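So the protein sequences, as listed, match chains A and B.
The first sequence begins at 1 in the working numbering and counts up one residue at a time.
The second sequence begins at 1 in the working numbering and counts up one residue at a time.
Hints should not be assumed to be uniformly reliable.
DSS-like cross-link-like pairs, simulated, lysine-lysine; straight-line CA separation at most 27 Å [said to hold, decoys possible]:
no., chain 1, residue 1, chain 2, residue 2
1, B, K44, A, K236
2, B, K201, B, K260
3, B, K201, B, K151
4, B, K510, B, K476
5, B, K33, A, K76
6, B, K201, B, K233
7, B, K33, A, K236
8, B, K45, A, K236
9, B, K567, B, K510
10, B, K510, B, K494
11, B, K183, B, K127
12, B, K233, B, K245
13, B, K233, B, K260
14, B, K510, B, K201
15, A, K74, B, K33
Honestly, the hints are just simulated from the structure, not real lab data.
No experiment lies behind these values; they were computed from the predicted model shown.
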Amino acid sequence: MLGNIAGRHRSPVKGSSLEFAQYRKYVPGDDTRRLDWRTWGRTDRYYLKEFEADTNLRLCFIVDTSGSMNYGEKAKTRLDYARSLAGTLAYIAANQGDAVGLMNTSTNTAMKEIPAKRGPVHLKVLLDQIGIMTADGESELVSTLHTAAEKIPQRALIVIVSDLLFDPEPLREAFQHLRFRKHDVTLFHLLDREEIEFEFDGPTRFLDLEGGASILADPTLIQRRYREAVTSYLGKIDEIVNQSALDYHRVMLDEPYDQVLARFLLGRNPKTARSAR
Amino acid sequence: MSFLQPILLIGLPLALLPVIIHLINQRRHRTVKWAAMMFLLDAKKLSKGIDRLRQFLILAMRVLAVAALLFAASRPLSGGFMAGAGGKADTILILLDRSASMEEQNLETGESKRSAALSKISELLEKTSSRSEVILIDSATLMPTAVSDLKSLLALPQAAPTATGTNIPALFQAGIDFLATNKSGRTDLWLASDMRSADWKSASGNWQSIRADLSANETVRLFLLSYEQRSEKNLAISVDKVNRKRSPTGYEVVMDLAIKRTGSSDAPSGDASEPQTIPVEITINGTRTVESITVTGEEFLRLGYTVKLGAGDERGWGRIDIPADNNLSDNTAYFVYDEPPVRKTIIVSDDTTTANAIETAAATTVDPSINYDASTLSPGDSAQIPWDETALLIWQSAIPAEDSAEATLLRQHLENGRTLILLPPPDSDEGNHAFFGIQWDDWFDRSSSPASASWWRTESGLLENTQNGTPLPVDKLRFFRHRKFAGDVQPLLKLNDETVIFAKALTETKGSLYLWGTLPRTDYSTLATEGVSFFVMTHRALAEGANAVSKARMLQADSSAPVSQMKKIDSGESEAALIMPGLIPGAFESGGESDTQRLVALNRPISEDSSEILDESAVETLLEGVEFRRINDEVGSGSSLAAEVWKAFLVAMALALLVEAVLSLPPRPEATSLTKPI
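Construct the entire structure; sequences and hints are all you get.
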């Protein structure tokens with residue numbers, strides 16, 4: 001991570017943390033205070049001992065607040081799950097001294113866009129904003145991602161929390177835009193098992209949470225076609241995220257979010273990444 | 001299709017139960033707030049075609065299954081002769097063809113067309129119309145008979161075999177008359193016939209009114225039960241022109257003997273054109289002799305076949321039998337013989353020239369064993385006509401008024417089987433009354449340009465060809481003056497301009513009524529000078545009438561045959577013979593002294609030997625405008641007009657449920673889970 005202050009995240013440049021990085025031969029101009037005298041004593045050669053430089057993190061959450069995020073039982077909706085994920089991550093990041101920001105996809109002006117900042121006061125403001133977030137209307141995620149790519153000035157970890165229930169093709173360009181700006185992108189794709197399995201008994205009227213027309217259907221008759229559509233959709237999502245080199249997490253809403261976070265955090269640590277995945 | 005439990009068909013709307021349940025289910029849907037609408041829309045779009053068809057088929061199969069169950073419970077009958085539920089008729093009117101040809105039978109089962117028709121109709125009615133009133137009208141009597149017990153239909157005397165012919169138009173008319181005079185309500189009219197052209201009489205003028213009556217009566221449904229298959233092998237024997245003559249040794253009977261062979265493809269000889277030797281049994285007054293006759297081709301005809309009689313056999317009866325075959329009713333021919341009567345001709349005319357010519361021709365002896373007599377009376381002396389002795393009456397006088405005594409006597413003369421020839425009075429416009437619908441018209445003078453015959457009837461009638469097939473020299477006749485006539489006639493001779501000179505009136509009487517439009521006078525025609533045709537015409541007319549005068553008469557079996565007071569002499573009397581003796585063949589004799597005793601032989605009409613069938617299109621033409629259903633059946637087919645077919649409906653239901661189950665099978669489970677976290 002490339003921050004402007006010292007933090008807990010590995011920086012691409014070497015710094016003065018406690019974690020040894022490598023030995024390097026002395027070249028004129030190097031700070032002689034960093035010479036490793038013990039090595040000189042053993043080998044009679046001048047080496048510099050370099051340490052990893054820790055930096056802080058700019059963590060920016062983009063939470064999808066389209067109507068489809070209201071799916072689920074009361075207090076256990078997809079938006080509630082997104083709140084839990086984003087809130088917890090924001091809390092962890094702020095406690096590490098990282099800057100945390102928030103964007104949502106709502107067109108509602110009452111929903112504030114919070115730039116990434118550090119400090120407990122800012123965390124409270126951000127958590128409050130996460131708490132009052134409401135979901136409504138159609139998804140504006142793609143345009144929000146483009147906006148974020150343009151607005152966030154420095155490299156940051158962008159965590160997207162969304163159900164991605166729209167045509168995924170435009171996402172390809174949006175993700176590439178973010179990657180072009182050197183952002184580290186993590187995508188939490190929130191889906192409900194019922195949406196995937198589509199197991200209903202009798203005729204059902206499906207009310208569109210994003211305000212579209214309702215559909216009356218006999219799920220037993222269209223289940224096969226539905227699953228084919230889901231398979232096709234997920235395949236396309238996989239292809240886009242692989243191409244865009246995102247950190248992609250498909251999350252079922254019945255999974256405990258702490259497990260999801262643990263999987264995510266362990267995946268971020270190079271030493272634990274393989275076992276986490 | 002008819003049903004034994006049609007009341008259950010009221011529940012037929014229950015077949016829509018699956019549809020109603022489906023619709024209720026549609027209405028009883030639950031509502032779910034749903035986010036993944038994009039997948040739903042895709043699935044709905046994709047499932048529009050085959051899945052919708054599948055859903056429709058499932059629903060259709062369910063409807064079919066329930067409907068089939070209801071139909072099966074209603075106990076359907078095959079045949080489809082009744083018009084569905086509530087189709088039971090109040091009256092069932094059976095018109096039965098009892099002609100001799102209906103006795104053609106299946107040799108394996110011994111069942112005739114008549115008995116097969118009656119059995120199948122009674123079986124059908126027992127199943128479908130047990131509460132309907134059943135009326136039988138048979139072709140022999142044309143009288144309606146109420147049938148109280150369908151099981152005894154075949155045993156009714158009115159349904160017994162006869163040797164009669166059938167007049168299908170008259171049978172229809174009898175049925176229509178019954179409907180008109182009885183409140184029969186909804187009626188099913190069943191006509192059982194073997195579809196012989198001779199019986200259907202396509203040329204009859206009654207068909208028009210029959211069509212009109214039947215098509216106007218909406219409460220009548222007509223079913224035509226047809227047995228038109230011809231027997232594979234049948235021989236029919238008949239005799240005609242039986243005369244007893246004196247011979248040097250006593251007496252002999254001379255007759256025309258005919259044996260008709262039909263459908264002989266599998267005859268013992270193998271081919272219809274190959275000779276077939278038949279043992280013919282001849283019984284004369286109870287004494288039997290057997291003679292072998294070889295038949296070649298379709299018909300064997302021996303004109304002047306002679307049977308020797310003993311010296312004391314002046315009168316008697318006989319029968320000729322051939323071996324049993326498909327039709328038992330045409331294997332026997334009866335004949336009777338007696339002293340031939342004097343062939344008496346009476347001419348009523350003031351025209352002496354005409355009268356002399358006819359008198360000369362009629363009194364000339366043709367057969368030496370027969371006495372001929374002819375005399376002339378003036379119209380004023382017509383009361384002196386010896387009606388009982390007269391075989392041929394030639395009436396050249398004004399046609400009497402319809403209600404006059406003379407007209408009644410003339411009509412009686414015809415009813416008694418004698419012959420009447422009407423001649424126009426010369427140079428007179430008198431006699432313009434109608435007699436049997438016939439009326440004299442204007443005179444026509446062709447003396448400047450004599451006319452000759454352009455056509456004459458050669459197959460029957462007074463001008464038919466001779467027995468060896470030679471035509472009469474009718475073409476040599478010339479006509480100078482003739483009188484036209486109007487009415488319902490069968491032309492015997494026509495001129496170039498279609499003018500009819502000689503004709504036979506179409507009457508329903510036993511005797512024949514002829515019309516001659518010209519006279520045997522040199523200023524009218526060359527009938528007298530070219531005398532052959534005139535002579536033959538006169539003697540043929542005389543011979544026709546003489547049969548009715550004879551003490552030994554050959555008649556066709558008919559309900560009006562004058563044998564009710566006579567005793568059957570050829571065999572024991574059957575029950576049917578006791579009730580209606582005129583309908584069965586046989587030899588009969590009246591009581592009394594031998595000089596007044598009369599003999600009668602009854603045989604089937606010769607038309608019954610004709611196997612010509614009226615084809616389906618001709619039947620449809622005859623019954624044009626009449627809604628009818630034709631059922632073609634065969635004797636010994638074993639099929640029923642109405643068989644219960646509920647099993648077929650249960651099978652249909654099972655099949656429908658099976659198809660429904662296959663269509664409703666859930667899709668195979670997905671091989672991989674889509675919900676595995678990534």
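Right, here's what the structure says about each hint:
For the hint linking K44 (chain B) to K236 (chain A), the alpha-carbon distance of about 20 Å falls within 27 Å, and the restraint holds. Between the alpha carbons of K201 (chain B) and K260 (chain B) the distance comes to roughly 22 Å, so the proposed pair stays at or under 27 Å and holds. This hinted pair does not check out: K201 (chain B) and K151 (chain B) have alpha carbons roughly 32 Å apart, beyond 27 Å. Pair hint K510 (chain B) plus K476 (chain B) does not hold up; C-alpha atoms about 32 Å apart against a cutoff of 27 Å.
Between K33 (chain B) and K76 (chain A) the CA atoms are separated by roughly 14 Å; this keeps the pair inside 27 Å, and the hint holds. A threshold of 27 Å between alpha carbons decides the hint, and for K201 (chain B) with K233 (chain B) the separation of about 25 Å falls inside it, so the pair holds. The straight-line distance between the Cα atoms of K33 (chain B) and K236 (chain A) is roughly 25 Å, inside the 27 Å bound, and the hint therefore holds. Distance hint between K45 (chain B) and K236 (chain A) is fulfilled; the C-alpha atoms sit about 20 Å from each other, no more than 27 Å.
With a C-alpha separation of about 22 Å, the suggested pair K567 (chain B) and K510 (chain B) falls inside the 27 Å cut-off, and the hint holds. Distance restraint check for K510 (chain B) and K494 (chain B): the Cα-Cα separation of roughly 25 Å lies within the 27 Å cut-off, and the hinted pair is therefore satisfied. For the proposed pair K183 (chain B) and K127 (chain B), the alpha carbon gap of about 24 Å is at most 27 Å, so the pair holds. With a C-alpha separation of about 36 Å, the suggested pairing of K233 (chain B) with K245 (chain B) is violated against the 27 Å cut-off.
The hinted pair formed by K233 (chain B) and K260 (chain B) meets the criterion: a straight-line CA distance of about 11 Å does not exceed 27 Å. Only pairs whose Cα atoms come within 27 Å are accepted, and K510 (chain B) paired with K201 (chain B) is accepted, the gap being roughly 17 Å. Note on K74 (chain A) and K33 (chain B): the hinted pairing holds, with a Cα-Cα distance of about 12 Å set against a maximum of 27 Å.
The structure shown violates the earlier hints numbered 3, 4, 12.
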